[in-house]
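Let the hints inform the model, and build the full structure from the sequences given.
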Amino acid sequence: MTEISKAYEPQAVEEKWYAHWLEEGCFTPDPASDKPAYSIVIPPPNVTGVLTLGHVLNNTIQDILARRARMLGREVLWLPGTDHAGIATQNVVERQLRKEKKTRHDLGREEFLKLVWEWKAKHGGIIIQQLKRLGCSCDWSRERFTMDAGYSRAVTAAFVDLYKKGLIYRGNRMVNWDPLALTALSDEEVIMRPEKGVLYYFTVEIAEEPGTALTIATTRPETIPGDTAIAVNPNDGRYARFIGMHAVRPLPHELPREQKLIPIIGDDHVEFEFGTGVLKVTPAHDKADFEIGARHGLPVVDIMNPDAVMNERAGQDLAGLDRFEAREAAIRKLEELRSMVKQEAYEHNVGFSERTNIPVEPRLSDQWFLKYPAVEKSAEAVRTGEVAFRPARWAAVYEHWMANIQDWCISRQLWWGHRIPVWYSKLEPNDPPYVGVEPPPDMENWEQDTDVLDTWFSSWLWPFETMDDATRAKFYPTTDLVTGPDILFFWVARMIMAGFEFTARKPFANVFFTGLIRDGQGRKMSKSLGNSPDPLDLIAKYGADGLRFGLMRIAPQGQDIRFDEKQIEEGRNFANKLWNAARFRQMHGPGASVPSLDGLKLSCYSADILARLDSLIEQVGKSYEEYRFNEIGASLYEFFWSQYCDWYVEAAKTEIFADQPEAKASALMVMDYVLWTLLRLLHPFMPHITEELWERLGFAGPNHGAGNLVMFADFPVKTALPAGGVIATVQAQVAAVYASVTAARNLRAEYRVASSKKVNFILKPTVTWAADELPTLSRLVNAEELTVEPNYPAPAGVPRALTPMGELYMPLEGAVDTAAESERIKKEIAKVEAELATVRKKLENQSFVANAPAAVVQEHRQRETDWAAKLGQLTRMRDALGEP
RNA sequence: GCAGGAUUAGCUCAGUGGUAGAGCGGCAGAUUUACAUUCUGUUGGUCGGGGGUUCAAAUCCCUCAUCCUGCACCA
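Read in my numbering, the first sequence has 1124 at position 743, and its numbers run on one by one without any break.
To be clear, the hints were calculated from the coordinates, so they are not data collected in a lab.
Even glycine gets a Cβ: it sits at the ideal position worked out from N, Cα and C.
Keep in mind that a hint or two might mislead.
Said to hold, decoys possible - When the alpha-carbon atoms are kept at most 27 Å apart in a straight line, the in silico DSS-like pairs for lysine-lysine are as follows: (1) K887 to K758; (2) K1034 to K947; (3) K1208 to K1251; (4) K905 to K513; (5) K546 to K887; (6) K807 to K546; (7) K387 to K1099; (8) K958 to K855; (9) K758 to K905; (10) K513 to K503; (11) K887 to K905; (12) K545 to K807; (13) K501 to K545; (14) K1208 to K1222; (15) K947 to K982; (16) K922 to K887; (17) K495 to K482.
Stated by the list, open to error - Pair ranges (Cβ atoms, derived): (18) H969 to R1133: 30 to 38 Å; (19) E390 to H729: 52 to 60 Å; (20) K1003 to F653: 24 to 32 Å; (21) D747 to R694: 18 to 26 Å; (22) E999 to Q1243: 23 to 31 Å.
What follows is the structure in structure tokens.
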């Protein structure tokens, strides 16, 4: 046993233990074990990702669950891995290429993909190293990647299976198009944000009634060349008569008049009140307009290229311009034509691409869609609690989404991803395509679909396709899933459906949704705001354990978390405190390797702390049941710091420093017992420091089978202490001593007596056992001498305080301000009188006495008695002062 | 527009029917040998407003206000 240093230095300790755990294979479970299984699959971070505080929160919770399950004797699998993250990863490599003035098209598909794999090998998975630094107990031997050969095959097979079931189809539809990434997006990948825009009012002439014009309001004048109709509500008296006539579309201006005529149609979709009640219909560039167009058989005129640059159909004024430049150009042209009537400020919602953060463009294109499988079964599973959501309110959000579920656009016009396993015949283009896991045998006659699948189409298989047969037999369905509510639709809902569809079982029993971490001003953490601290910096400053513990204490169940570095500092301080508590114990000689309370003569303080330890264990157990990690953290913090360090250790010093070997041994054994228990309770939260202290305090080693705490399958259970009345009496006594200590310290502070200065105290006791506890009381109040004097006359000049043990006096040399002393006591009397009045008022209320439970009434009576007694004593003390 | 969440001490937040709490901050003090990443004492709240249910409400119900988050959207 080496000496413990004064301050805890986490870096070396944490790295040492993590390496050790890996070496010992502590995180690799045995599927053949007959221990009950516990499993979690990690939400696979993007392979391009770096650790954020969100990951820290998420993975710390998973680690806590996994480590506790191990200590409860389960066979634990925490399966890690990364996601290939289609757009994000392709972006990273394309950005690199752009620096060399190249695009992926210069390289070609094959060369480009080679480059992405190279990038992945070199830079990918940084986040895995960071998770290790955090202390995550994942089974790295089972680490998976969503584009591993086997996994890819499973993704392809899933596609083929759903295709054969008729659930996957190809369609020419309006989709969300990302003009930067040049791909379609699913509805979930579009983020609606309010944007300050302008509503432009412009006129169109009625062809059949020259001189008559209609005014139209639009936010997108640049799409006028794509307008193929003007719509009004058929019930709108202002405009109904124009239905069937034609309007002259102002753009492109250069076209001959007959090519600019577009029909005026009637459609219920048009609102009377909005704008002017006249709507321009652009079927190629607006989802709602597309539907109107479909209803009326309107032509679809696409005026943009895939990159949202206007094409020649937009006319000479706009062609070649980006859509936003084109808007300005269109405005200028309309003004020039005296068609522009007015412009007004207007705020409306615009959809942005989740990945590239630019406005999506509704675009008609050929895409693959999935009609979701197992929808009803999946909705029901959450409804019945077969899959339990925590907090439960997310179930309603899920239910709503499931009830309004829309087909999923699963194709992406990217290169990085799982290529769609569909081949088209070169020989007979009208033949049905070949769809299969294996390419067609006569490959040269076929051409594979160029699209890849949405990343989430692979992620939704994660809980089972990451496992081989033996692993799956033991660990699937998984136990807990821990994730953020932001991917409820993207991932959680889809996994449930995939689970039921492909394995006929739920993928997990519980889903715990964490909160979102926000900055001090309540804003989301984001790269662009630069308000997201680097967790690795925090680990360097405060240690991984400090970060974990600090974060867990401020992470209430399912509520957003306002991040404050101070909290992490507290986590570090807590680790340091733990370190020093161990250090203190070690300074008093070697401890027991297996602490036992058998045959121990316990002081009342020892009995008290053990009873509190028992309630702590019970409380922690309950909190785990409800996934209330902040509550567990708070309980552990409070017990260890306030109850154990501040009170028990200080009180026990009486025994430790006294010359009574038996009492000393008893106190030290109780410390051993508490630390032995506490290290285990804390281990899931702070794995490194607890492991280190476990060894330093001599708890590790041959006595415990596997020597490491991480494999110590014995999560604490309550002691065999005598329960009930005996311990309650002892605890009441200890509480009285501690309250008396506080009262005495208060007196010292009032009279500016430095806590280091020894002074005399006199106790006029009201309890029979006062004398027994004088040594400890005396020590804790730093008394020169503490005497019990039942008949102390209490001269007027002596400061006094009422304590649960009796009246306490602090005779001081020199004059004491009696008036001030009297004032102080009077203030206390006023407080007690108010309390007494409150409780008496309640007891005088007949309906309270009649209706409240007997125990509550009894408790109020007791309260009344206690306050009355206290008031009597305070009054006597005030009278003894002789002040009016 | 619909749904959900939040509103408690200066700050960040616990507290879901029975005596309003913690940490930080502030103030006053302490180097008492585990720890200044410490210790002691103290200050500070009509629990967002209003109404209701109840013997009893921060807690349950209604309503209003403000903020946040989803979802749906009218160009």
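Evaluated hints:
1. K887 to K758: holds (10 Å)
2. K1034 to K947: violated (32 Å)
3. K1208 to K1251: The hint holds at about 13 Å.
4. K905 to K513: Distance ~25 Å between K905 and K513 Cα, so the pair holds.
5. K546 to K887: holds (21 Å)
6. K807 to K546: This hinted pair holds, its Cα atoms lying about 25 Å apart.
7. K387 to K1099: Cα-Cα ~32 Å, so violated.
8. K958 to K855: violated (41 Å)
9. K758 to K905: Violated. K758 to K905 sits at ~35 Å, over the 27 Å cutoff.
10. K513 to K503: holds (18 Å)
11. K887 to K905: violated (32 Å)
12. K545 to K807: holds (22 Å)
13. K501 to K545: violated (34 Å)
14. K1208 to K1222: holds (21 Å)
15. K947 to K982: Judged against 27 Å, a Cα distance of about 42 Å means the pair is violated.
16. K922 to K887: Between K922 and K887 the Cα gap is close to 42 Å, so the pair fails against 27 Å, i.e. violated.
17. K495 to K482: Since the Cα atoms of K495 and K482 sit roughly 18 Å apart, the hinted pair holds (cutoff 27 Å).
18. H969 to R1133: 30 to 38 Å: holds (34 Å)
19. E390 to H729: 52 to 60 Å: holds (56 Å)
20. K1003 to F653: 24 to 32 Å: At 59 Å between Cβs, range violated.
21. D747 to R694: 18 to 26 Å: Since D747 and R694 have Cβ atoms about 19 Å apart, the given range 18 to 26 Å holds.
22. E999 to Q1243: 23 to 31 Å: Since E999 and Q1243 have Cβ atoms about 25 Å apart, the given range 23 to 31 Å holds.
The structure is inconsistent with the numbered hints 2, 7, 8, 9, 11, 13, 15, 16, 20, although it conforms to all the rest.
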